[in-house]
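Here's the letter readout for the chains.
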Amino acid sequence: MSGTYEKRLLTGRDRTNGLLTKLWQIPWSFVLLIGLIAGVGYVALYSAGGGGPEPYATKHAVRFGFGLVMMLCIALIDIRLIAKLAWLGYLAGVGLLVLVLLHGNVGKGAQRWIDIGPLQLQPSELMKILLVLALAAWFHRASWEKVGNPLFLIPPAILVLIPVALILKQPNLGTALITAMIGGAVFFAAGARLWKFAIIAAGVAVAAPIAYDHLRDYQKARITTFLDPESDPLGAGYNIIQSKIALGSGGMFGKGFLQGTQGHLNFLPEKQTDFIFTMIAEEFGLAGALVVLSLLALVVVFCFLVAFRSKHQFGRLVAIGLGTNFFLYVFVNVAMVTGSIPVGGVPLPLISHGGSAMLTTMLGFGLLLSVYVHRDAEFGVARD
Amino acid sequence: MNWRRAWPFADQTGGSSLLAPAERRGLLGLLRRRAQTGFSGMLGVRREEERRRGIFTRRAMALGGLQVAALGFLGTRLWKLQAEDGDRYKTLAEENRLSARLIPPPRGRVLDRQGKVVAGNRLNWRALLVAEHTQDVSATLENFSRIVPLADHERARIEREVRRRRRFVPLMVREFLTWEEMAQIEVNAPDLPGILIDVGTTRLYPEAEHMAHVVGYVAPPAERDMDGDPLLELPGIRVGRLGVEKFHDKILRGRAGAVQLEVNAVGRVIRELDRREGLQGQDVQISVDTELQKAIRNRIQEGTSVVLMDARNGEVLAMATQPSFDPNIFNAGVSAQQWRQWTSSRSTPLINKCTNGLYAPGSTFKMVVALAALEAKVTTPGEAVYCPGHLDFGDTRFHCHKRAGHGGLAMRGAIMASCDIYFYEMAKRVGIDRIAAMANRFGLGVELDIELPGSRKGLVPTRAWRQAQGKPWSIGDTIVHGIGQGFYQLTPLAMATMTARLATGRAVQPHLTRAIGGKPVRGSRPEDWPSLGIPERDLRLIRDAMYGVVNEGGGTANKARLPSSVGAQMAGKTGTTQVKRISREQRERGFRAENLPREYRPHALFVAYAPHDNPVFAVSVIVEHGMSGSGTAAPLARDVLVEAFTRLPRGLPAPIGPRVADAGGTR
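Note that the protein sequences, when read in sequence, are chains A and B. FYI, the numbering for the first sequence is 1 to 384, going by our numbering. FYI, the numbering for the second sequence is 1 to 667, going by our numbering.
Keep in mind that the hints were calculated from the coordinates and are not lab data. A virtual CB, placed ideally from N, CA and C, is assigned to each residue, including glycine. Heads up, a few of these hints could be off.
Computed Cβ-Cβ distance ranges for the label pairs, DEER-style [what the hints assert, rightly or not]: (1) A:58 / B:103: 18 to 24 angstroms; (2) A:205 / B:80: 51 to 57 angstroms; (3) B:269 / A:208: 46 to 52 angstroms.
Not close to chain B: a few residues of chain A, all C-beta gaps over 10 angstroms, as computed [to be verified]: (4) 27; (5) 98; (6) 99; (7) 150; (8) 281.
My request is simple: use the sequences and hints to build the entire structure.
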């Protein structure tokens with residue numbers, strides 16, 4: 001029983017008034033944290049650029065700067081307005097996904113990008129955030145009893161399935177799976193009954209072998225390569241093997257800044273994007289890798305703290321959803337470069353080179369901060 | 001409005017101000033709410049909210065716990081990779097980064113007696129292909145052949161080698177590029193991934209066919225040549241295939257140096273980390289005098305072999321035969337047509353007849369029979385044997401080359417006149433095995449030291465040898481072998497060796513190598529060779545007889561004596577060997593060898609040394625189908641010796657090492 005909650009309920013005082021007050025509410029320690037991570041990204045990209053700010057590091061810094069401004073602006077938007085617009089955002093996201101299927105640029109055998117001016121937008125990345133918002137909005141007022149009603153879960157399940165299906169169509173199996181998992185996390189946090197998850201898990205276990213037959217060749221290759229990277233050391237397995245060699249050869253304390261042989265001699269593929277973590281681990285060793293991993297884990301922890309602090313279900317679910325989204329980026333990327341899961345093009349947020357990823361990451365943080373700033377906002381309680 | 005109800009954020013009270021909804025404003029709002037839900041309802045809402053929050057917290061904790069566990073798992077993965085397996089991966093990373101390349105050392109040269117280069121090196125611009133530097137070998141080759149046309153069989157060879165060799169080993173695409181071709185390749189480099197231009201050396205034989213049989217030639221190594229020397233895996237490397245090039249291959253080849261390079265993923269060299277110099281191939285100086293060799297070769301015809309040795313130490317001064325071949329052709333690869341022509345020709349240009357041609361020695365063998373007889377004490381130098389022109393043994397009549405017979409002749413006269421009857425008789429008395437033993441001591445039918453791989457040892461028959469074939473040995477066989485006919489198969493080199501040993505009484509070995517890397521390798525004085533153990537008195541008798549052959553009226557080669565300008569006399573022995581048995585009818589019809597077709601005419605032989613009183617040169621001459629030793633072979637031997645005395649006065653040992661004029665020449 002929170003006393004302040006009751007007091008505010010009675011007095012109607014609301015700390016969410018006034019831009020300055022809000023600005024004061026922004027957790028600057030978090031801004032410092034992501035700044036630190038982006039700084040790690042700068043250093044790593046400086047090295048990936050052959051020991052110079054060009055062509056990656058400077059761009060990275062500039063993008064982060066823009067992202068920071070955008071994040072702070074979003075943080076000041078009232079969470080209730082965001083909740084109101086969630087539905088619209090979702091529709092726009094689905095629209096973009098349809099657009100990318102019709103007009104997107106083809107990369108690695110899949111349609112993924114739309115060019116918007118100088119920016120290459122990956123709608124599937126944006127969609128993950130928009131889905132979180134829509135689901136949080138749906139579950140915002142749902143009581144425990146209501147969430148227990150299977151019929152009540154059908155509309156949000158469709159909300160998840162539409163983008164997943166569209167992303168699969170690109171085809172981008174990895175992102176589709178991640179999107180589904182984020183949706184699942186929100187369902188879980190909202191209180192969907194556990195036996196329902198058990199049924200879905202069982203269904204997936206049955207469907208997976210059938211689905212495997214429908215995978216594209218490059219997707220199958222990824223899975224076989226993952227299971228036995230040595231089977232094709234110069235082909236599909238090359239990336240994994242070289243990444244593991246780079247990581248392993250970094251040892252405890254690394255080869256030193258700009259001294260990574262695997263990275264600098266180009267044995268490491270896509271070292272500025274997907275394999276940036278490998279680059280860091282090679283040059284700064286296990287120590288450096290664990291520091292970076294810890295910093296990224298702190299971001300996830302922060303998301304959860306924001307969720308716990310939020311007085312409203314919408315904020316809680318948004319924070320959990322965004323936290324899970326961020327976690328999945330980090331986990332999939334690092335698991336990928338350590339050869340723990342099949343390779344897929346998932347960047348390391350805040351560190352990898354790439355404008356679209358930076359944009360969506362900072363957008364997510366903006367929403368997260370908005371939740372924090374408006375954590376005590378009065379709106380909607382559970383009802384039957 | 002149903003859509004409003006469906007949307008959880010649609011304000012129930014219809015309040016439009018987000019920041020200050022009426023229901024949450026002050027006491028009035030509270031009352032309004034209470035009025036809507038009822039007092040207990042408000043408590044229910046609060047309870048429900050707390051319950052939902054509790055569930056959320058538990059589930060969020062579970063979710064968070066899962067995520068922490070997942071990140072922890074990544075931590076253990078990193079620990080395993082970086083801490084536990086770090087050393088293994090460090091090795092792998094080093095293997096990625098480091099690339100050792102061999103530096104082929106320049107092949108040692110072969111110098112002649114005067115220090116003249118007879119096998120040297122010249123620059124060779126070539127295009128190599130490193131398969132691992134290109135995604136598509138056939139595309140690269142396709143682009144390459146637009147600049148330098150490649151035949152289908154060349155492409156097939158390259159693609160075969162790509163599969164056979166390791167992918168980082170550079171393969172030869174094309175050698176002997178011209179400047180124009182090289183420039184074209186450099187300009188089009190972006191279209192030719194994997195192609196690199198390299199300067200190597202190629203073997204050059206300035207004397208071409210004149211020295212081919214002695215010096216040999218080089219060719220790319222075949223699988224069977226791979227002796228574990230990594231050098232042999234380099235493109236463009238050659239191994240000796242014949243002659244001195246083959247015999248001294250390891251010395252000439254040298255040892256590969258190595259550089260350790262740092263390379264990037266596409267194999268580009270980033271920097272050199274370490275360099276170990278190789279050992280360049282050493283020069284080998286041989287005893288042959290090129291000019292002498294050339295002069296002899298220009299004098300002789302097809303089917304003739306001449307071996308000229310320094311009688312005192314076995315150094316081969318000339319080893320000439322016709323026809324020969326141009327070893328330079330092997331550099332660029334011998335065409336199938338050329339090879340067929342060489343191997344199918346009856347004149348066998350690839351075969352060195354001096355070491356591989358096998359001939360019966362005929363009368364040149366008589367000295368050996370005489371010495372065997374003296375050693376066996378079955379005769380004395382003074383014992384005369386009567387020659388009626390033939391010898392009857394059992395049912396067989398053995399003829400002397402002089403139908404009328406020589407009358408009575410002692411040993412010296414028998415050698416001078418080459419009386420067959422005398423040697424039939426001696427052979428009969430001595431027996432084949434003692435003749436064979438004496439022949440072996442003179443280097444006949446035994447392996448010689450000559451540095452020419454594949455040289456034939458020849459055949460000197462014995463009773464045991466014949467019996468091993470399941471045939472009996474008869475006295476009649478022995479008689480025939482007394483005049484060097486029968487089963488004998490000897491090389492011109494063996495006959496020259498025999499002559500040198502007769503001249504010196506020492507077991508000199510024929511050899512070609514004078515110096516390796518500028519250092520003499522063998523003793524050049526007669527005392528360096530072991531004695532044959534034949535009494536000097538016997539040898540002197542034989543030498544005197546050989547002197548008579550050339551320099552006395554009754555000698556068979558008295559028309560071939562050395563001109564007085566030389567200031568020395570030679571001692572020698574003629575030989576004429578039948579290629580085809582002469583039948584009795586032919587003999588009765590008045591046989592004349594001149595009437596035979598060329599391939600049935602007898603071979604002409606002559607062995608000699610000079611000066612007769614202080615032997616320096618020993619020579620053997622075989623003229624295939626040359627009719628008679630005295631008529632054809634002896635004059636040729638005389639000319640060879642005249643040439644030798646002119647070029648090598650008294651056989652003065654030439655200086656060891658390259659000629660000064662050549663010292664800075666081609667390497």
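Tested hints:
1. At about 43 angstroms, the beta-carbon gap between residue 58 of chain A and residue 103 of chain B misses the expected band of 18 to 24 angstroms.
2. Take residue 205 of chain A and residue 80 of chain B: their Cβ atoms lie about 28 angstroms apart, and the range 51 to 57 angstroms is violated.
3. Between residue 269 of chain B and residue 208 of chain A, the C-beta spacing of about 48 angstroms keeps the proposed range 46 to 52 angstroms intact.
4. The non-interface label for residue 27 of chain A is consistent with chain B: the shortest C-beta to C-beta separation is roughly 18 angstroms, beyond 10 angstroms.
5. Every Cβ of chain B is farther than 10 angstroms from the Cβ of residue 98 of chain A; the closest lies at roughly 23 angstroms, confirming the non-interface assignment.
6. For residue 99 of chain A, the requirement that its beta carbon stay farther than 10 angstroms from each beta carbon of chain B is met, with the minimum near 25 angstroms.
7. Every CB of chain B lies more than 10 angstroms from the CB of residue 150 of chain A, the least distance being 17 angstroms, so the non-interface label holds.
8. A Cβ of chain B approaches the Cβ of residue 281 of chain A within 10 angstroms, the least distance being about 7 angstroms, so the stated non-interface status is violated.
Against the hints set out earlier in the document, violations occur for numbers 1, 2 and 8.
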